[in-house]
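Enquirer: Chains as they are written, first to last, in this note's numbering: chain A, 1 to 144; chain B, 145 to 327.
Derived by calculation from the structure, the hints in this document are not laboratory data. Just so you know, these numbers come straight off a predicted model, no measurement behind them. C-beta: ideal position from N, C-alpha, C; glycine also. Possibly wrong hints are sitting among the right ones.
As the list claims (entries may be wrong) - Think about it this way: if two alpha-carbon atoms lie no more than 25 Å apart in a straight line, the pair counts; the simulated SDA-like pairs of lysine to any residue are:
#1 A:112 <-> B:215
#2 A:139 <-> A:111
#3 A:100 <-> A:117
#4 A:112 <-> B:282
To be verified - Not the full set, but computed from the structure, chain B residues with beta-carbon under 7 Å of chain A:
#5 193
#6 197
#7 201
#8 206
#9 300
#10 304
#11 305
#12 323
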Amino acid sequence: MAAGSVLTFVIVGRDDHPIFEADLTSKASEVVNRDDRAQYLHQFVLHAALDAVDEQIWTTTNMHLAQVDNFNQLRVSAYVTAAQMKFLLLHDGKSEDAIKAFFKDVYEVYLKVMMNPFFTPNTQITSPSVHQRIRAIAKTQLKA
Amino acid sequence: MERPRRTCAETCLELLSLQIVHYYAGQNQAPLAASTEAIGFRVGRQLAERCTWDRPRLVDQLDVMKFICKEFWIELFQKQVDNLRTNHRGTFVLKDANFRWLSKLSSDLPAPEKADATEQNAGPVANDSMPSRPAANEAAQDYLHLPCAIIRGALTHLGLPCTVSADASALPACDFTINIRAG
């Protein structure tokens with residue numbers, strides 16, 4: 001069995017609450033065998049990384065903050081929009097360029113969600129088609 | 145987002161904003177100001193999100209205000225703000241010398257029946273007698289709720305909760321006063 005690669009993506013709103021979470025590893029049998037504790041660990045690491053993101057956003061006007069935090073083998077990369085929405089990706093060593101392209105594509109999807117007049121900003125994104133699209137982007141950008 | 149931008153006649157936008165005011169003025173469920181504020185706020189947020197998507201982030205208050213005065217104003221009104229003043233304590237005044245959305249608003253109002261014998265309101269704007277200026281401003285306020293709300297929505301979305309008011313005493317120029325809530 002191949003070692004599971006870690007790939008969790010979270011969009012965090014202005015008040016530090018997640019409005020979107022997705023586990024982007026490829027389906028296969030890893031989902032069934034996935035340890036619940038690993039899930040909690042991922043969430044914890046992402047949450048802890050928010051502090052690091054907050055420090056870094058004042059130092060640069062870039063949207064893409066490469067790697068903001070790491071914990072053992074897990075790394076967290078972040079992307080912050082002008083409206084202070086944070087996109088966080090928990091991974092274990094993908095190339096920063098691929099991650100940057102991933103974030104940019106996800107930002108486009110997020111923008112379309114924002115344009116939807118029925119969507120209240122800063123609330124949970126529950127649309128299944130958004131989930132699907134983000135998974136598809138992850139497949140193209142982060143597996144290539 | 146890389147699609148070629150579709151264009152739309154500006155007249156459509158002007159007529160739409162006029163009709164919004166007329167429609168909601170006739171509704172009984174909510175006062176005009178509240179309805180148009182709600183519309184404008186939402187539009188402001190979405191527009192701010194869209195306009196900032198491919199530019200570097202804005203880290204401080206002044207950057208946000210400059211963005212509003214330049215890029216945002218160009219998106220909405222096809223021109224930049226002409227003058228920006230601030231007291232460096234959270235109040236900004238944006239002066240637009242030729243506010244497009246009010247350009248069709250006649251500044252030629254009949255003077256109110258005040259105790260002012262000299263009524264020379266039939267001339268061009270420069271000769272407006274004093275009593276008709278506040279009246280012009282009041283008449284324009286209905287139409288200014290929408291732009292004010294759009295600006296407020298954009299600023300709130302970019303992290304600056306504020307209040308926006310407009311002063312149209314000197315049509316076609318329009319002053320927008322923005323008070324940013326501290327803390």
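Enquirer: A separate judgement is required for each hint: does it hold in the structure or not?
Expert: Hints, verified against the model:
Using a Cα cut-off of 25 Å, the hinted pair residue 112 (chain A) and residue 215 (chain B) holds, with the two alpha carbons roughly 20 Å apart. For the given pair, residue 139 (chain A) sits about 20 Å from residue 111 (chain A) by alpha-carbon distance, which is consistent with the 25 Å threshold. Among the hinted pairs, residue 100 (chain A) with residue 117 (chain A) is inconsistent with the structure: their alpha-carbon atoms are about 28 Å apart, more than 25 Å. For the proposed pair residue 112 (chain A) and residue 282 (chain B), the alpha carbon gap of about 38 Å is over 25 Å, so the pair is violated.
The criterion of a C-beta within 7 Å of any C-beta in chain A is met by residue 193 (chain B), whose closest approach is roughly 5 Å, and the hint holds. For residue 197 (chain B), the interface hint holds, since its Cβ comes within 7 Å of a Cβ in chain A; the closest pair sits about 6 Å apart. Interface hint at residue 201 (chain B): satisfied, since its Cβ lies 5 Å from the closest Cβ of chain A, which is below the 7 Å cut-off. With a cut of 7 Å, the hint placing residue 206 (chain B) at the interface with chain A is violated, because the nearest CB-to-CB distance is about 13 Å.
Taken as an interface hint, residue 300 (chain B) does not check out: its beta carbon lies about 10 Å from the nearest beta carbon of chain A, beyond 7 Å. Proximity of residue 304 (chain B) to chain A is violated relative to the hint, the smallest CB-CB distance being about 11 Å (cut-off 7 Å). The interface hint given for residue 305 (chain B) is broken, as the beta carbon of that residue sits about 11 Å from the closest beta carbon of chain A, more than 7 Å. Interface hint at residue 323 (chain B): violated, since its Cβ lies 21 Å from the closest Cβ of chain A, which is beyond the 7 Å cut-off.
Figure legend: structure checked against the earlier numbered hints; hints not met, in rising order: 3, 4, 8, 9, 10, 11, 12.
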